[in-house]
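Trainee: The residues making up each chain are set out below.
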Amino acid sequence: MPALAPGRWAAVAFFGVAALVPVGVRDAYLLDSVILILLWGALSAAWNVAGGYAGQVSLGHAAFFGIGAYSAALMTTRFQQSPWLGLLLGVALSIAAGGVIGYLSNRLKGPYFALSTIAFSQVLLIVASRWRGFTAGSEGIPVPFRPGFWTLGLGHVAWVYMALGVAVLYYAVLVWLETSRFGYQLAGVREDEDAAEALGIASRRSKVYAVTLSAAMTSVVGTFWAQYVGFVDPFYVFSIDLSVRFALNTIIGGIGTGLGPFLGSLLITSLETYLRATFSGMKTGFAGIYLVIYGTALILVVRFVPEGLTGLATRLGARRSRAHA
Amino acid sequence: MDTARRLGPAQIDVVAQLGVSTVLLGGIYALVAVGLTLIFGIMRVVNFAHGEFLMLGMYVAFWAYTLWNLDPYFVLFVSIPLFFGIGFLTYVLVMRGVIHASHNVQIFTTVGLSTALQNAALVLWTGDFRTVRPWHSSVVIRVLGMAFNLSQVVAFAIAVALTLALFAFMKWTHTGRVMRATAQDHDAATLMGIDTDRVYRLTFAIGIACVGAAGVLVSPLYAVYPTAGLQFVLLAYVVVVLGGLGDMLGAMLGSLIVAAVEVVGSYFFGIAWKEVFYFTLFIAVLVFRPAGLFGQRGAETLGA
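From first to last, the protein sequence lines stand for chains A and B.
At position 243 of the first sequence (counting the first as 1) the number is 243 in our numbering, and the numbers step up by one without a gap.
At position 158 of the second sequence (counting the first as 1) the number is 158 in our numbering, and the numbers step up by one without a gap.
Just so you know, these hints were derived from the structure itself, not from any lab.
Only a predicted model underlies this, so the values are computations on that prediction, with no experimental measurement involved.
Glycine residues also receive a C-beta, built at the ideal position from the N, C-alpha and C atoms.
Worth double-checking, as some hints may not be accurate.
Residues of chain B clear of chain A, computed beta-carbon distances all greater than 10 Å [claimed, not checked]:
{"#": "1", "residue": "13"}
{"#": "2", "residue": "14"}
{"#": "3", "residue": "97"}
{"#": "4", "residue": "130"}
Selected chain B positions facing chain A (in silico; Cβ < 8 Å) [as the list claims (entries may be wrong)]:
{"#": "5", "residue": "190"}
{"#": "6", "residue": "192"}
{"#": "7", "residue": "283"}
Which bits of chain B does chain A cover? Going by a derived footprint, with three or more residues having C-beta under 8 Å, they are [claimed, not checked]:
{"#": "8", "region": "151-162"}
{"#": "9", "region": "175-183"}
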């Protein structure tokens, strides 16, 4: 057996189960849950690159998600091109925008940076919802379903593997950040920028790289999400709620860890699916109860378990191994 | 806000109307922003849930009006102590534990509070748009060719009175001086025997009382719904960053600037694009003058 850390084994188990689900299950509802868990996990992993590893907490990452979603939707509906081209366009735009935001992060710390990212996503929301001639404005864009890989018109099973591919890739990026020189540099800059500078780390450049990478990763999932769900609504894709959601999954799962975003997504997406189904028959708005739970959970987690689920598991694991010794 | 559309023919009237509309709007924005900047200045916390307390204020006015036919201006007498108490409780239950934590923990504590309150309102009162329409909301005053809504004029007057009262409190009372001392140097204040926890409690309670009052005041003018606070709080962020986070006088000037951008921008380019102007202004200020237009001393280090 290769010597893998317990966290890596947990990841193998997590992605392995996701890969096996479509083999035994054909229930569209369950497959849909798996796809959403993986996509939300990948989005949170992307947020984690900037928010967790580089310590640049963004509350406007929906901007990059929306760029990816709109690029693909507009590419298919307005220019009759493949959504894959839209994906590339979205990545290019997000790299440009992410570079600017990353540059801003050098001047703005903590709450100032968070505020500037909110402002950025709000500007995009206004443009997308008001520029009726190009983006269809506040009505949003229905994305037509054209079967085929090139048009990203896939069945549920194929989507599970697409989402799994992205999720595993993003997990690998996070593992790379935990073990590579660049990752250590980021950690140094996050913990003490002055000390990192003194050691010769180009702190500004590494933050710009991290935010840009995070933006591009978010944009890719934005494209997939739009193609999978089949509708792009500006008030959803650019919403602050969405940006908060990326952060929420990551924090509950474990900020700055590889598996954390995916565990957070598993927990929160399942809870949402369950509560939505339970309360769907009740009066309007009651489905929002899950968001009340999230908000409360977020307050409690950052206060009492700031290292999240993975940190909690490590702590318990350490206690147990000490008890065995 | 469509006052800009009901203009007299003469150009001078347009300028006068835009000017007065700016001041009326700015006065209300100032009351929203002043609580935010007070909390930041003293506690070094950006309250991302500020807008939700405004929304709760609007709902208090809505229910009082709908259930007991109470005018929002009477509700104010109840809502100010009520929101003072809510702010006090929120500090004790939520904020106290994270007051010395990192920025990120503080950001997510208030973000979590915002999410929870917003959706609690959604669950309790549904997402329907509600309106409060007391008699004064449909009265239009015409002076010298300018037209104003009576509710807006009264809201402005009360907002300005409350803001000035807060200024006077901060400037001339002993407690106000203690609060300013804590804002300037937390450690030195502690050494002088100031109970900073008490100062924080009071600060948060006053900040929330201000924004709760603002919510009641704007209820006859804007629709009431669970995310109604968002539009105001986004504005308030722009205002306080323009004025320099933590700077109360800066917040007043910032309110006027944002109101001017909104009124003039809506007049010339249509109401749909007004937010683009002030967000662009916001980002420009964050990039070029993060300490605010009026450069409060030391403000640039507050974000570190």
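Trainee: Now look at each hint and say whether the structure bears it out.
Mentor: Against the structure, the hints come out as follows:
1. Listed as outside the interface, residue 13 of chain B is consistent with that label: its C-beta sits roughly 29 Å from the nearest C-beta of chain A, beyond the 10 Å cut-off.
2. Look at residue 14 of chain B: its CB is around 25 Å from the nearest CB on chain A, clear of 10 Å, so calling it non-interface holds up.
3. With a closest Cβ-Cβ approach of about 5 Å to chain A, residue 97 of chain B is found to fall inside the 10 Å limit, against its non-interface label.
4. The beta carbon of residue 130 of chain B is kept farther than 10 Å from every beta carbon of chain A, the shortest such distance being approximately 13 Å.
5. Annotation: interface hint on residue 190 of chain B violated; nearest CB of chain A at approximately 22 Å, more than 8 Å.
6. With a cut of 8 Å, the hint placing residue 192 of chain B at the interface with chain A is violated, because the nearest CB-to-CB distance is about 27 Å.
7. The beta carbon of residue 283 of chain B comes within 5 Å of a beta carbon in chain A, closer than 8 Å, and the hint placing it at the interface holds.
8. A stretch counts as covered by a chain when three or more of its residues have a beta carbon under 8 Å from one of that chain; for the region 151-162 of chain B and chain A the count is 0, and the coverage is violated.
9. Restraint check on the region 175-183 of chain B versus chain A: 0 residues with Cβ-Cβ distances below 8 Å, three needed, restraint violated.
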